[in-house]
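Just need the whole structure built from these sequences, with the hints factored in.
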Amino acid sequence: MKEINKLVDLVTYGLKSNFDVINLTGDVENPGKEQLLYNGVLNGQYPTDESAADGMYQSDIYDQRFRMLKSRLRHKLYDLLYHINFDEPGFTHTTKVELECKEYIHKAHILFKLGEYAMSDKQLNKCITLAEENQITQALLEAYELKSDILSHECKPTDFELTIKTISDLRVLNHKEKENRDLFLRMRMLMSKSIHSRNTCQDHLKKAADSTEKLWKSIQSINVFLNYYQLKTWLLLLNRDYNGLYKFTIEASKIVSKAKVETDRFDQGYNSYLASRALLAAEKYKEGYAEAKAGYKFMDKSTERWFDHSETYFLLAMHNQDYKLAKRVLEDVIKNPNYSRAPEVTVGRWKVFRIYLNFATPGKDMLKRVRFSDVYEAAEYYYVESKGYYFTLPLLEFIHHINKDRLDLAMNKLDEVENYFFKHLNEPGKNPREKQFYKMLKTLKTADFDVEKTKSKTEKYLSKLGEKRTQAPFSDFEILPYEHLWEVVLHTVEKMKLANP
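Sequential numbering of the sequence shown, starting at 1, is according to this note's numbering.
For the record, the hints were derived by calculation from the structure and aren't laboratory data. There could be a bad hint or two in this list.
Subject to a maximum C-alpha distance of 25 Å in a straight line, what follows is the list of computed BS3-like cross-link-like pairs (lysine-lysine) [what the hints assert, rightly or not]:
1) 193 x 217
2) 404 x 423
3) 165 x 193
4) 254 x 297
5) 286 x 247
6) 297 x 327
7) 404 x 293
8) 156 x 178
9) 113 x 126
10) 122 x 107
11) 404 x 430
12) 497 x 445
13) 286 x 468
14) 439 x 464
15) 457 x 439
16) 495 x 430
17) 102 x 247
18) 107 x 96
19) 70 x 122
20) 495 x 439
21) 286 x 297
22) 286 x 301
23) 207 x 217
24) 442 x 495
See the structure below:
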């Protein structure tokens with residue numbers, strides 16, 4: 001109990017005079033002003049400064065009492081950030097470990113300044129053990145530097161000299177890692193700044209990947225390897241080398257399993273997600289099924305990663321025309337208890353997938369009621385490069401109206417397709433698949449919806465459509481590939497002609 005008694009003394013007599021903890025449930029008898037303001041925010045009573053000032057003091061936002069109250073509450077809430085639970089599934093192992101190390105070091109610094117060297121050293125030893133297991137170099141360096149200060153105060157020359165030697169080695173390693181991190185961050189900025197920046201940084205990216213690989217092989221640092229992993233991934237994506245990307249994910253997993261480091265530093269869930277996407281782009285659907293199924297063991301069902309991975313699994317099934325599997329994946333997503341709490345972007349995308357699946361199997365509609373408003377609202381959740389996605393939306397409505405015998409409305413939707421094509425997709429040298437598909441639709445119209453005549457006249461376009469089937473990096477996949485969508489269109493038109501001879 002000696003340590004606990006000492007801590008009781010420290011926190012009892014050393015805390016700030018105005019320190020008291022906000023009750024986060026809001027259930028407090030005789031609450032103070034800070035607690036009342038917190039309760040009001042918690043219950044949604046004070047969304048703005050104006051409403052809070054009026055509720056607390058029947059005054060305006062310039063009232064000094066209100067401004068001071070806000071400042072005190074803000075300070076207390078910031079203090080609570082130290083108690084955020086990073087064990088939740090959405091945080092990476094690296095994030096958890098880095099923050100835990102920082103917490104140990106912060107406590108050690110406070111105890112050191114209070115003259116409690118033994119207690120400070122105990123916190124540092126915990127940090128060192130955790131940081132060594134996970135190769136968190138920065139935390140190791142900070143811990144040993146403070147440890148050297150303690151050893152100097154305690155006049156332990158032998159331990160001090162050993163610690164200084166460790167610090168010297170760590171500083172060299174940390175410097176190399178920091179320089180490489182700077183290089184990685186520069187590349188990440190170029191990759192995310194704009195489409196043009198990403199498409200023109202390939203040479204810089206290759207040099208960065210090569211130099212990072214060389215450094216990693218030289219110093220065997222997991223921190224450098226993780227930078228190399230991401231740089232190499234981007235490079236393979238820009239080169240559209242999807243087979244190479246899949247092989248690299250397998251190789252990376254093996255490298256980490258052999259490394260002298262906690263394997264959780266490497267995000268196996270992301271690696272599996274990446275492998276599944278690579279197999280989808282390479283049109284290796286059966287292999288993709290196996291990879292996607294295996295990847296679930298690395299993902300918690302409450303995370304965005306799980307929903308993203310399920311999206312890849314769904315698209316693998318859709319592209320392979322395995323609509324039973326696609327439906328099963330879709331149902332698993334909707335039944336996930338976390339689906340209703342998922343971000344709006346996630347829910348929006350799955351509404352879109354549901355409608356596409358509905359039209360993928362002519363004559364076997366899955367939805368009793370089709371709401372196209374859901375589809376158009378979700379359109380904003382697709383990448384800028386995915387203009388072809390919008391191109392197909394009126395076409396789905398065309399199919400829907402044909403199925404409902406609303407021919408005039410159906411023809412209007414074909415006009416919308418044409419207008420959208422000329423407005424957004426007719427740029428020279430871009431959107432090759434959309435251009436071939438538009439030619440096929442135009443041929444269908446000029447052939448007066450004669451399916452047999454259309455088939456013979458569109459063979460060359462269909463052939464070129466297949467030649468252009470290479471997934472653009474960093475863009476959404478076609479939900480229903482144009483080849484399959486064309487089959488659905490022809491089947492629908494054929495049904496229309498039979499019903500209206």
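We went through each hint and held it up to the structure:
no.: 1; hint: 193 x 217; in the structure: violated (30 Å)
no.: 2; hint: 404 x 423; in the structure: violated (29 Å)
no.: 3; hint: 165 x 193; in the structure: violated (42 Å)
no.: 4; hint: 254 x 297; in the structure: holds (17 Å)
no.: 5; hint: 286 x 247; in the structure: holds (16 Å)
no.: 6; hint: 297 x 327; in the structure: holds (21 Å)
no.: 7; hint: 404 x 293; in the structure: violated (38 Å)
no.: 8; hint: 156 x 178; in the structure: violated (31 Å)
no.: 9; hint: 113 x 126; in the structure: holds (19 Å)
no.: 10; hint: 122 x 107; in the structure: holds (10 Å)
no.: 11; hint: 404 x 430; in the structure: violated (35 Å)
no.: 12; hint: 497 x 445; in the structure: holds (13 Å)
no.: 13; hint: 286 x 468; in the structure: holds (22 Å)
no.: 14; hint: 439 x 464; in the structure: holds (11 Å)
no.: 15; hint: 457 x 439; in the structure: holds (10 Å)
no.: 16; hint: 495 x 430; in the structure: violated (34 Å)
no.: 17; hint: 102 x 247; in the structure: violated (36 Å)
no.: 18; hint: 107 x 96; in the structure: holds (17 Å)
no.: 19; hint: 70 x 122; in the structure: violated (38 Å)
no.: 20; hint: 495 x 439; in the structure: holds (22 Å)
no.: 21; hint: 286 x 297; in the structure: holds (19 Å)
no.: 22; hint: 286 x 301; in the structure: holds (23 Å)
no.: 23; hint: 207 x 217; in the structure: holds (16 Å)
no.: 24; hint: 442 x 495; in the structure: holds (19 Å)
In the structure shown, a violation is registered for the earlier hints numbered 1, 2, 3, 7, 8, 11, 16, 17, 19, in ascending order.
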